[in-house]
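Colleague: Sequence:
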Amino acid sequence: MHAPTLSFDVVIIGAGASGLMCAATAGQRGRRVLVLEKANKPGKKILMSGGGRCNFTNYQVEADNFISANPHFCKAALKRYTQWDFISLIERHAVEYEERRHSQLFCRHSARDVLNMLLDECAAAGVEIRTHCELLQVSALDSQHLRYRLELRQGQQPLRIECHSLVVASGALSIPTLGGSGIGYQIAEQFGLSVTPRRAGLVPFMFSDSMKGLCERLSGLALEVEASCNGQSFTENMLFTHRGISGPAILQISSYWHPGDSLTLDLLPGIDAAQWLREAKQLQARQLLRTVLAEKLGRALVTELQQLWWPEAADKPLAEFSDRQLLHIAGQLNGWVIKPSATEGYRTAEVTLGGVDTAAISSRTMEARDCPGLYFIGEVLDVTGHLGGFNFQWAWSSGYSAGLAV
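According to my numbering, the stretch in the sequence shown is residues 246 to 651, in order.
None of these hints come from the bench; they were simulated from the model.
Mixed in with the good hints there might be a few duds.
Distance condition first, Cα-Cα at most 30 Å in a straight line; then the derived DSSO-like pairs of lysine-lysine [what the hints assert, rightly or not]: (1) K561 <-> K541; (2) K320 <-> K457; (3) K526 <-> K561; (4) K457 <-> K584; (5) K541 <-> K526; (6) K584 <-> K541; (7) K289 <-> K320; (8) K541 <-> K457; (9) K324 <-> K289.
These numbers were taken from a predicted model, which means no experiment stands behind them.
The whole structure should be built from the sequences, with the hints applied where relevant.
Modeller: What follows is the structure, given as structure tokens:
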């Protein structure tokens, strides 16, 4: 069966956040745009993000909120299309939103509001979106007008598409159940671009030592901690799970952790535990240490810490603890060193660290320098945001920059 050949000005691989943003921007410039999506509907990751409310950007966006081998790369795009530009788009579509902790912006009702807004923008710009599309092959054409040919299958139907500009917005390896894949890296390598090492980011930790049992017993308990690793630290909630530890503080620090590293947890951020315990010894001399600690940390956690750090003194009143003993326990409260065995991996990771090496990409247009008409945007690039709306802002900014250039 012969595949029909269709031609477009712009073909975008992936109907996620960056792909839809790029499509709408290019379509509004009068470009004939086709978006190809392998899943059964566009924007699946948008819909599940932020607990179904989509943390679509942040009031405070800086280059420091992003991890990349080239920390300057993201600056041009973030400046060209800012958080304020996206907020103004949201407001134009009357999407209700709210600010949460750390300047994070979420939809008040549903992530579907953001997806519908992007789809409406695409429809108004004449963008065509096709789902159930499996990309089989990409090749370069020897023509100034039509530079790339794609062979694909839509359902059972073979298709051949030729285009002037090809935009890879295929996402990365995170959450394969929502369509995460490495096809963008394969296209990059096919055209001679290098790809930096990849690993799961914004992901929970697991343990194989005695911490595993402790986490299982405390599963469901959350508390504020300062989590530190490799010179970075985040103060946020941590959640014990039946597999290990999660929560915003842990997801954030996971992006700086490498296998074999230890983490340091301050269970009393902002409190000098040594001073507090010295004062408690004077003012509450007859109390048990666990009773005093339970005021700030909760009984279940303190029971576990007692087993770890002072089991032989469990029933001694504070007055009988030496200053040295209290100093040692205080040091652990402000600096509990734990060693994860692994992360939960791409299955639950919100992002993929690493990706297409930005050294070969124009920071202004997202075009591959040595491959005219080939663009990479969003998560497929070696640019990864912190938790808090930064990865979506990178999708909007990089998608917009490419949309102006294709």
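Colleague: Taking the hints in turn, state whether each one holds.
Modeller: Now for the hints, and whether the structure bears them out:
no., hint, in the structure
1, K561 <-> K541, "20 Å, holds"
2, K320 <-> K457, "41 Å, violated"
3, K526 <-> K561, "12 Å, holds"
4, K457 <-> K584, "11 Å, holds"
5, K541 <-> K526, "16 Å, holds"
6, K584 <-> K541, "24 Å, holds"
7, K289 <-> K320, "27 Å, holds"
8, K541 <-> K457, "23 Å, holds"
9, K324 <-> K289, "27 Å, holds"
Comparing the model with each numbered hint stated earlier shows that hint 2 is the single one that does not hold.
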